[in-house]
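Asks: Chains as they are written, first to last, in our numbering: chain A, 1 to 269; chain B, 270 to 840.
These are calculated hints, taken from the structure and not from any lab test.
Calculated lysine to any residue pairs in the SDA-like style (CA-CA distance at most 25 Å, straight line):
#, chain 1, residue 1, chain 2, residue 2
1, B, Lys680, B, Arg631
2, A, Lys125, B, Ala428
3, A, Lys154, B, Ser755
4, A, Lys125, B, Asp431
5, A, Lys125, B, Val434
6, B, Lys740, A, Ile192
7, B, Lys432, B, Leu377
8, A, Lys107, A, Arg91
9, B, Lys613, B, Glu775
10, B, Lys432, A, Ser129
11, B, Lys608, B, Ile418
12, B, Lys608, B, Asp657
13, A, Lys154, B, Gln758
14, B, Lys620, B, Val723
15, A, Lys154, B, Thr372
16, A, Lys128, B, Gln378
17, A, Lys125, B, Leu377
18, A, Lys128, B, Pro427
19, B, Lys613, B, Ile652
20, A, Lys154, B, Phe370
21, B, Lys740, A, Thr190
22, A, Lys125, B, Ser435
23, A, Lys154, B, Leu377
24, B, Lys432, A, Glu150
25, B, Lys432, A, Pro140
26, B, Lys432, A, Ser143
27, A, Lys128, B, Thr372
Per the computed footprint, the stretches of chain A lying under chain B, defined by three or more beta-carbons under 8 Å from a beta-carbon of chain B, are:
#, region
28, 41-49
29, 142-151
Backbone N, C-alpha and C define an ideal beta-carbon position, used for all residues, glycine too.
Listed here are the chains, written in short residue letters.
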Amino acid sequence: MSRTPWLEVNKSEEAVRLDISQLCSPGVFVELSPIDEYYSNSLLLLLRSGESSFSEQWMLRLLLLGQVSVTETYFRRILSGLLNVCPVVRRTASAETVALGAVFYYKSEDLGYGLIENASMSGVKEIKSQTQKVAGVAIPNNSSISAAIEAFDKVCHLRHATVHFHGELSSRNARELGIEPSESRAVWLTPITFQAIVGTCHNAVRAYNRFMFERVLERWTGEGLLQSDWNEDRKLFRPLHKLFYSNRDGVGIRRPYSAYLQFRARVLK
Amino acid sequence: MAQSKKHAAEEISTWDVLASVFEERAENLSRQELEAWSAQSPRDSAILSKLKGPGSKLLTGPRGSGKSTLLRKAYFELLEDREVLPAYVNYARALALEPMFHTHANALQLFRQWIIFKVIDGIHSSVLEMQQSAPPEMLELANYGQLLIRSLEVGDPPAILDKAVSPSELLVLLESWTEQLGCRRCVLLLDDAAHAFSQEQQQQFFEIFRELRSRRVSGKAAVYPGTTSYSPFFHVGHEAEVLEAWYHPDDDSFLPIMRSIVERRLTPSLLSRLEGRQEIIDYLALASFGLPRGFLNMLSQFLGVEEGTPVQPNRSRAVGAVADHAESVRGIFLALSSKLPRFKHFVEVGKELEGSVIRRLRSYNKGRDVKQKAVVVAIEEPIRTELDRILNFLEYAGLVRKMSSVSRGVKGRFQRYTLHYAIVLAENVLSLGKSYTLAAAVEALRSRSAHAFVRGRGETFLGAKFAERCKLDLPPCGSCGAPRVSPEQRYCMRCGAELTNVSIYEELLKAPIDELPLTKSRIARIKAHTDLRTMQDVILDDELQTIRTVPYIGPIWASRIRNYAQEFVSV
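Looking at chain A on its own, in the form it has when it is part of the complex (with noise of 0.2 Å):
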């Protein structure tokens, strides 16, 4: 049973209530391929960065924890569309469990994300990790791909500080970011510095994507997915291009047939 406090040191707590109802509103189909979805996001808070009025730590801290929900945004749908796209993928995939709930909340299509949703994609450990339960891929070290992930590893840690302790980095968070340990340090931003860390974050979104695509290419060629005649080819190769390409990068081909075409002729032969 509950008494009378013997001292009061702050007032009272009372009864609230949270409307959720208030609070969400249905989700909105974005017809764009992941990379294209982040890099329209990120742009978002990049111009928001270059304002006085988000000038103050607190607001370019606010943008960094953005910067990182958009990125990991990233690849969970690109995990989710590869079961979509991949038979490779949805073999690998189809030992993995999910939640009865998530069969029900999520549409067929989205159904990856139920496999993902309570993996964080925000470090290189758990972005390797998923990418090897989820599209059976292994990201090697030494390579271009396995430098750009651990590269944002740190902005990562730099959201952890600001999410958890308000900007202060922890020890393990100084120690991940290689910085001595001799005093306490906080995250501390400036819009150049956050372009910095915009940049971290598309080139691992960009090494990732090129990397995912050559690699569902390369094992689609190995297990002999691909019969070098569009007509059969096409429901396995558009969809994959669609997923991957970026029109707002425009390098490359953008019509998947045309792009087929020049793998074919390197490639398949």
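Position chain B against the provided structure of chain A, taking the given hints into account.
Replies: Just chain B, lined up with the frame of chain A:
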């Protein structure tokens, strides 16, 4: 017709052989040529002794000061010695790896491995030269390393680095191999070290250099003055002793050394044309400002080797050679606009500084006795950051030579710089009148006052607001034209577009051949007879076939021209 063709071919052959005599780059000389053609002063012997001995050393000097000659000589002497395991490694191709930084996230890691495997490859080459059997591990690493080095230098890095050797692992390997081969010590002679202009790459290099030392292993690195960035943990002087390769033209031994180079290199027929003309040799030697490469360049031009036909050596040709050399030294400085495009305005202000210094010195020297003339400018300390950077660039190019600073009591402390003697002579800075003899010019340079200088603050030479002109040249946003606010900026503040950072190396490859250090007539001939237009065209000219179709360009000149192009895009 057949007779005249044969005659032309013979002429090319004769002049090509002569051109080889004037080959300036030590890396391109054979061991015998190096030993026969380069002179050695007591000072050189002292430096060589330090290069062959224990302890880390930094050999500093601008282009053409003899750093490579000293390193190569040290290498050959150690090979001969057999008690020390040497390795000569040339890092001039560092800039070829720069495009990788625009395409690979692990470029820095790959760059580190390039540095390390070049050492392993160098050690392996030495073992072969010593006609010894390479330990199996060395052979395996050297074979892997050669493939890796090649793939990195042609812009085709491996997707995964199968083998990676850390600096500490390399040190252990070097010590083990030294012992296995029965040597007392291992000396690494690292040429063109840290010449890549990326600060990050330079710092990487010095971090590795710092670790490659022990009781048995020591490294000696050739660096440029003024523009080398050391890592935060590398303390020059403490971590490595600094040795200056640059001859002092004021030293009593300088002219005898230069005369000795002439006697060693030139054939009797060429020497006979210089008989009784010692003042010309001295004039050109002083004009070289202590840089043997410049001396050989001017001598070659003076004797008409470039033109391929016999010429009459006279005062006018000597003066012309010095004037051309002054232009080529300036050219190295001005080329920094291409190699470091963001410092374009600094280079422009540097050019103004040179002009202002020349005018002030000329005015100072007018009417003064020969023993009172000055060739030194003193800038009052503290020197503004912008001016300091410009002076570093001028020092790198060899246009000025930094001396010790002096105090003038209440008037302040001044940092002194000597102006390149080719410029001093070409611009008549000594105010010797209209038609002075070469002997008078030599006398003026030799007997000028060592203490005289013109002095002032940066503003004295460049005007009150010069610092405002020293702005980094940062191209605006390609999408909306918004200006950049910081060199570290990656995205436009206004529209968010990515700001492009082009690969310097790829831009240098596209540079026109007009920027090669060749006479206008030679360049015109190349353009008239071939479709070689850019540095890349020259470098990729397979077996030098295209360039050799140009009249009066034989195999040696063709090779030299390609070296010039490679040098242009290398450093």
